[in-house]
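> Just so you know, the protein sequences line up as chains A and B, in that order.
Our numbering numbers the first residue of the first sequence as 1 and each following residue consecutively.
Our numbering numbers the first residue of the second sequence as 402 and each following residue consecutively.
There may be inaccurate statements among the hints.
Within a straight-line C-alpha distance of at most 20 Å, the following computed EDC-like cross-link-like pairs (lysine to aspartate or glutamate) qualify [unchecked claim]:
no., chain 1, residue 1, chain 2, residue 2
1, A, 210, B, 751
2, B, 548, A, 18
3, A, 149, A, 196
4, A, 321, A, 178
Now the stretches of chain A that chain B is said to cover, found in silico as 3 or more residues with beta-carbon under 8 Å [stated by the list, open to error]:
no., region
5, 133 to 145
6, 383 to 393
No wet-lab data here; the hints were simulated from the structure.
This one's a predicted model, so the numbers in the text were calculated from it and none came from an experiment.
Every residue, glycine too, gets a C-beta built ideally from N, C-alpha and C.
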Amino acid sequence: MQAERAKSDTVEFDVRTDEMLINMGPQHPSTHGVLRVVLRTDGEVVSEVTPHIGYLHRSAEKIAEKLTVRQYLPFTDRLDYLAGMNMNLGWALTVEKLLGQRVSEKTRRLRVIIAELNRIASHLVAAGCFGLDLGSFTPFMWTFREREKIVDLFEEICGARLTYSYLLPGGVTAGPPDGWFGRCEAFLDQFEPVIDELHAVLTNNAIFIKRTAGIGVLPPEMAIDYGCTGPVLRASGVDWDLRRDGEPIYTEMYDGYTWQVIAPINGRYPDDHPYPPVPPEAVVGDSWHRFFVRMLEVVQSMYLIRQGIEKYSADDGELDKPIEIRKKLPKGEAYLETEAPKGQMGFMIVGDGSAVPWRVRIRSSSFCNISPLPELCRGVLIADMPAILASLDIVLGEIDR
Amino acid sequence: MAELLISISTPDWLAHIIAALVQCALLLAIALCSAAVGIWLERKVSARIQDRLGPTRVGGRFGWLQPPADGLKLICKEDIIPAAADHILFRIAPYISFCAVFCVFLALPFANGWVAVELNAGAFFLLAVAGLEIFGVILGGYASGSKWSLYGAMREAAQVVSYEIPLGLCVVVIILLTGTMNLVAIGNQQAGWFFNWHIFHDPFTFVTFWVYVTCAVASSNRAPFDLPEAESELVAGFLTEYSGFRWVFFFMGEYASMFVVSALGALLFLGGWNGPVPIASLLGLTPEHGAIGGWINTILGPIISMLGLTLDPAAWIGNLLGMCNFIAKAFLGMTFMIWLRWTLPRLRIDQVITTCLKYCVPIVSAMLAGVMLWSFFLPGGLFAALTQPASFPRSAWERTDSTLRVDGPQDVGEMQEEAGTRNVTALRSHAEHGNEGNIQEESR
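With the rest of the complex left out, here is chain B (with noise of 0.2 Å):
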């Protein structure tokens, strides 16, 4: 973006600019229809696990509209800030609550490269964001100058702190397998069918995913883990005193939180971009340009570089396939924590304190230790065991590869062959971000 403008001879600093700004507006736009999209899925699978239609009308037949409907309604609602409450801390916690979960979406990948920055530690950097939200949630219990409130807030504090260890031991657990934590190499390394994907790597991965389920719904305060606000308890919790727009932040901020560890979620163990069959591959959309690739670029390319701009269309087309793959995924794991709230009723805050402590961090931490001994002992997947037997067991300290590999476009077709036996850690980053010359030095 940045160099497009500068080619069109705008000011260096200004082109940086307007480019942030565009990301930033482009990012908002995702975080808030995720917000809206999860907000209408809500209601319609709700409804229909409930026996009901739910919105039918507003914006046609699926009632569509009924998410910024309802955003109109709470706008025009009277904003009430409580007389008790500290009113600087109140008006300032709902932005946050959203500003943490908005600033996730800058590190997320949508799609091979694209990502508003990238980042070599994207996975710490998405953790360590995340886990501000809950100053905002704390923030606000506190200032609301009320007990409900209070409680809602104390119990966020003990259930999202205590949460963020088995959360973050799961993304370990990942990190360890892919040597990275950049979330572009990580998305990359699962190319392929689907049993490239990290969840189908070993058995410890597969469980450790279920791990991750259990940590993403409670750090998003979702049922049966919505003790902060578990309204046939406290009220509304830390949202008892909150009303019209402040409460909209704080609702999207949840929305978009559940999005983000969803997202996170496919990208960490369900392939992220790369759906179950590679047809971005297979069709040859990928900057090497297969059969249908080739042919849309001997169309298109000429098009394009008459417009001045430097783009690969078959690459691109691919990119977005794997970005609605993406996003379907998220959503798909969205859908599942809906649904979960929909059945289940909620749990004590005891027993949301014994499940994380005497059950996920013990879990976790063995599947840690078992997906060290599996990549030590098995360094390909379960699948590349499974299929090619004559390769194993190949150990750790038979093999010499450590290798050094220079950054830049790579073979797919290559990288399909090897994701089997895990030889891709050092991976491309991007030519837009002028990163050729990185010489990453391949962990194993």
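Chain A with its partners taken away, still in its complex shape (with noise of 0.2 Å):
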């Protein structure tokens, strides 16, 4: 591949004409938010692609020295703002591994709940704007459709839609309503033929085919090396998932679920549900993979929920409440690394004894995740751009902070 690469760039040198600096963003359609771009061009074919961010810093990790823990959580919402429950689960448990403190295990069914739902939004987002920057808009419309009924859900569990401050440090204030349980379950069988419908106007739409397959392709030790996480990192080929691989306080959560890590290994992926074909075009760790992983993970996610309600409605046990607002941090510190919809999201908090945090430090996946893209756009066409960089799935409230 990178011989090919080098082939064509001599093939293109050859008839090299006058490059062009253009400015991509912060205020273009396509850069998911304030991301700023600058190509070089040469005319179709971009030679150099640097990402400017900081458009949407807020001091995040300042802020958190100011607040107690609890106080501080409804900030986390407006890191991976498509995720905010992921974001705030991040954080809890992160307090709860400083605190010591470990919750029961209806409110870790809960979590898992809530989490998963808020995995299939923030994948569906992807997979709409995917489409979008390919100038497919009916796809976006149809995902945010779906998204509207989680959003709906979650509504009416906390009463916001976007910033939803849900799962705190030590439990939640209140639980589901009655009948959400069945709702929830009604809008998964509804939402399961939604996905093939997806597959048909996206994963194996020829044109989309044709435009993702073997563009932007992301090797295994390229995506380690940069530390890219989450999609991103399973679409390279490498089978890891924190849900399954990451520290115990974490991965309790998840023990007793029958469920799949999403990652091409060999080029195959798991085949407990009637997928769609991977199309002879397409590389490991190219954008279509990125895209075909996360609209697996949307249904490992759904197998994940059903079985979350299931048990939760077995379970006798109460659901737990969250810590006090002044609660004294203890001595020490604490990191932490969740599976975020996005790839990793890491907490690390150190306690000086007294309610405020010391210092927080927050790392984004988002942030990782962009950074090979100067790597991946080198000498491709300035359509493919917009591929590659949907693929990667980026929030910049999570990159600025």
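Hints in hand, dock the two standalone chains.
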């Protein structure tokens, strides 16, 4: 692949014309928020890509040094605002790790259901925006229609539609309302056939395959070198998912569930569900596989939610109450990474004996996932740039923090 | 029109100017209405595809007043010309685009004889003038002083110039078949049942039709070939710096050109104003008056002549039906393009050019050769070949009917009979245009 790229470079240089420097963003429609990318182009060919970040910087880490850990929770919603529940969960677990606290099994069951629902919502946005960046508007509307139903469920459970602040350290203030799980299952039943519709308009669409297969190939070594995580890493063929391989405080949530880590091992995906076929043009690690991994993870999340609802209903235990607002933190530090929809989300809290953390550090997955962009976009066409960017599925709230 | 005015003692020059103005106004109305209906259709169809309702309130239940409301909003917008733009070219560009598309309507027949200017080389004129639209786009993109606009203009130039070739070849296939570039004549040759339509003439024309569809979508910059304004790559391409009324002109030009390519497709391949079932001629609503046509003429004829008009009411009603047919087909074509746009992702520029040069051009060239051979060995259509095998193969050299025909009102019954064997190439022009004495030699 590298050799091929070098060859095509020389061909391009033969007919080289004046280079042009173009500013894509921060007001560009396909830079997913406020990313600014400077393209050095030769005609339609992009020779160099430089992402500039920081337009959404809100001092998230510094704010955490002024607030107690429970007061800080709403700020985590604003990191990856498409997966607020997963951000809440990461923060809550880190706080619990620092406090040495362990929540009840019933709370863990609820957390799995909520986190996986939000994973579906986040992957739906990723899939829809991918289509949008390739010029296909309809899947975007379809995915947002489905996401809207998940958001409705969240609104019922916590009153908010985007910034939930629901999974608090220590537990939840209130459990789901009556009949919520029934509506949740009804949503899943209704949603399952929609996935096939999305496969029809995107995954197996001939033009979609032409636009994504073999574009922006990220070899596994490079993915690991750049610290890529989540679907981006798994699409490169690395079998790594913190829900299975993470720390016990996190993985114990997923004990007893039947599910698969979605990654193309030796070019083959798990076959626990009738997934659509992989087109012959697709190379492991390309934009198509990154999209496909997300679509398959949605199915796995559905399995997890169904099992979670079953286990939650069978559980006679109690839901834990959250820690009090001014709970004193012990001296010491805790670092925990969780598997958020976009990759590994890490929080580090250093406590000094007071209620307010002495230092908080946030490791965001999108920040690492966007870093191979200059490498992936060397020598591609302008139209491939949004496709590659969309396949990395970044959220600027999380990158800039 | 002019004759009517002269008959009520208007000076010659004034009569002709008034007639021309009236025709222009009518055509402008058609062009604008087609754009407005296209916009409404696009909103409604896209809404249905995306599980929405679309406009529901402006102008009653179906939101049919949405396009004028959109236009009003856009006119009220601030008109911005970027400081870096070339002011004159930036202002001119939208009008060039729109005027080019509008000029196409001049040569576009809506029914048998209902055309502003009947040109012997109508198909040629139409393609040539429609191709001018890109000048506006390229000028606008170049004059905007924005890099994204420049990219849009470059893509437009590359794409549309490439697609003009297969598009022209598709039209040539039909011209080869019909032996005329007169669009009215091409439409009339497809009179009768739907199997007389050129798309069903032989397998080659059937394939040519789909190549034409591809090229038509590409040359009117519609998805999946909407690269010049690819919003996810080039912000809005050549439209990036345009706002307000100038933008409206580009927009209406796009919709009018969608209508034009759909109408041309309907005319060349889908029978033009001839419906799948020849209702008008079965009812006798032709210049020759069948049963009902004669009856209508008996009733309306005296009234018409009392008004001092030279009009054949039955044929007029038949033409009106034909026009409805034609416009319905054109909008069907537009709906297809809208359907494509809201279903498919966009191609990349190299894939667009590959599709054109590696697939469309070779396929349509092969089809050209195929049609040539077909009309040499099997001069009738596929339907004639299937239903009258006795007369086939009837090679071209056996046919010595290189007759001279005098134009004029022609017997439609005869035409229907002959349509099967493709003997009708010389066709009537119109009494209104005073071409009665025109003699055409049959091309085959």
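> With reference to the structure, classify each hint as holding or not holding.
To see whether the hints hold, each was checked on the structure:
Simply put, residue 210 (chain A) and residue 751 (chain B) have alpha-carbon atoms about 11 Å apart, close enough for the 20 Å limit, and the pair holds. For the hint pairing residue 548 (chain B) with residue 18 (chain A), the CA-to-CA distance comes to about 13 Å; that is within 20 Å, so the pair holds. For the hint linking residue 149 (chain A) to residue 196 (chain A), the alpha-carbon distance of about 18 Å falls within 20 Å, and the restraint holds. Pair hint residue 321 (chain A) plus residue 178 (chain A) holds up; C-alpha atoms about 19 Å apart against a cutoff of 20 Å.
Requiring three or more residues with a Cβ within less than 8 Å of a Cβ of chain B, the coverage given for the region 133 to 145 of chain A holds, as 9 such residues are present. Evaluation of the coverage hint for the region 383 to 393 of chain A: fulfilled, as 4 residues show C-beta separations to chain B shorter than 8 Å, against a requirement of three.
Of the numbered hints listed earlier, not one is contradicted by the structure.
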